[in-house]
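All the letters of the sequence shown, read from the start, carry residue numbers 0 to 211 under numbering that gives the first Met the number 0.
Wrong hints could be hidden among the right ones.
[Claimed, not checked] Across the chosen pairs, the derived CB separations fall in these ranges: (1) L123 x G11: 37 to 45 Å; (2) A69 x T23: 25 to 33 Å; (3) V154 x P20: 51 to 59 Å; (4) A150 x A84: 16 to 24 Å.
I should point out that these hints are in silico values taken from the structure, not numbers from a laboratory. All values derive from a computational prediction rather than experimental measurement. Ideal Cβ positions, reconstructed from N, Cα and C, are used throughout, including at glycine.
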Amino acid sequence: MSFRERANTVVGQAAAVGSQPSDTPDERLRKSALVLSSLLITFLSFIWVGTYATLGLWRSALIPFAYQVASLVGLVFFARTKRYAAYRASQVAMFLLLPFLLQWSLGGFVESGAVALWAFVAPLGALVFYGPRQAIAWFGAFLALVSLSAAIDGVLPELSKDIPSSVVVAFFAEHLRPLGHDIRPPGAFRPLPRPGRTGFWPRSRSGRRPCF
Numbered sequence: 000m001s002f003r004e005r006a007n008t009v010v011g012q013a014a015a016v017g018s019q020p021s022d023t024p025d026e027r028l029r030k031s032a033l034v035l036s037s038l039l040i041t042f043l044s045f046i047w048v049g050t051y052a053t054l055g056l057w058r059s060a061l062i063p064f065a066y067q068v069a070s071l072v073g074l075v076f077f078a079r080t081k082r083y084a085a086y087r088a089s090q091v092a093m094f095l096l097l098p099f100l101l102q103w104s105l106g107g108f109v110e111s112g113a114v115a116l117w118a119f120v121a122p123l124g125a126l127v128f129y130g131p132r133q134a135i136a137w138f139g140a141f142l143a144l145v146s147l148s149a150a151i152d153g154v155l156p157e158l159s160k161d162i163p164s165s166v167v168v169a170f171f172a173e174h175l176r177p178l179g180h181d182i183r184p185p186g187a188f189r190p191l192p193r194p195g196r197t198g199f200w201p202r203s204r205s206g207r208r209p210c211f
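From just these sequences and the hints, can you work out the full model?
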């Protein structure tokens, strides 16, 4: 078995920890997508934890670390209980709240490099994992937190005054880059394909599976 096949097998098994035999293909796909999204953000959080810890901003480093712990605990809970609704709500809520908490801990939009932009993952995730009607509330919550952040930005303590300006600029670039990947012209989005007999990862139009 090649490395790619082994990796696909491991990822597929991890993604299916909350699935049940009674699930429809669409339900199984949504559960798998949420688990993989959570694991990806948990892995990316090491960057924030390491960066802020290196700069001596331990309070800020604690926030993504707390997400990592809570996310893994939630995954274990989901694997054992199969309670998708509770797992989904906790994950989307953390997607929404933690970037804002991190931004506030650093002193605001500029000092944090607008890290709260990552909270936009929450309403987008709600659109996929809840549906358009339920996602409206998550979009409203995101806009409310943006407004609150703007209102308190001037009174937040400048806890990040020791961060070099070059690092702040790098943060801005890293936080804005995902938006460039996600913006597509209308009609460019396709429904998520369902898992097939060839393995967990569906083949693309070219016939190739995603590689790592």
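How the hints compare with the structure:
| no. | hint | in the structure |
| --- | --- | --- |
| 1 | L123 x G11: 37 to 45 Å | violated, 24 Å |
| 2 | A69 x T23: 25 to 33 Å | holds, 29 Å |
| 3 | V154 x P20: 51 to 59 Å | holds, 54 Å |
| 4 | A150 x A84: 16 to 24 Å | violated, 33 Å |
Against the hints set out earlier in the document, violations occur for numbers 1 and 4.
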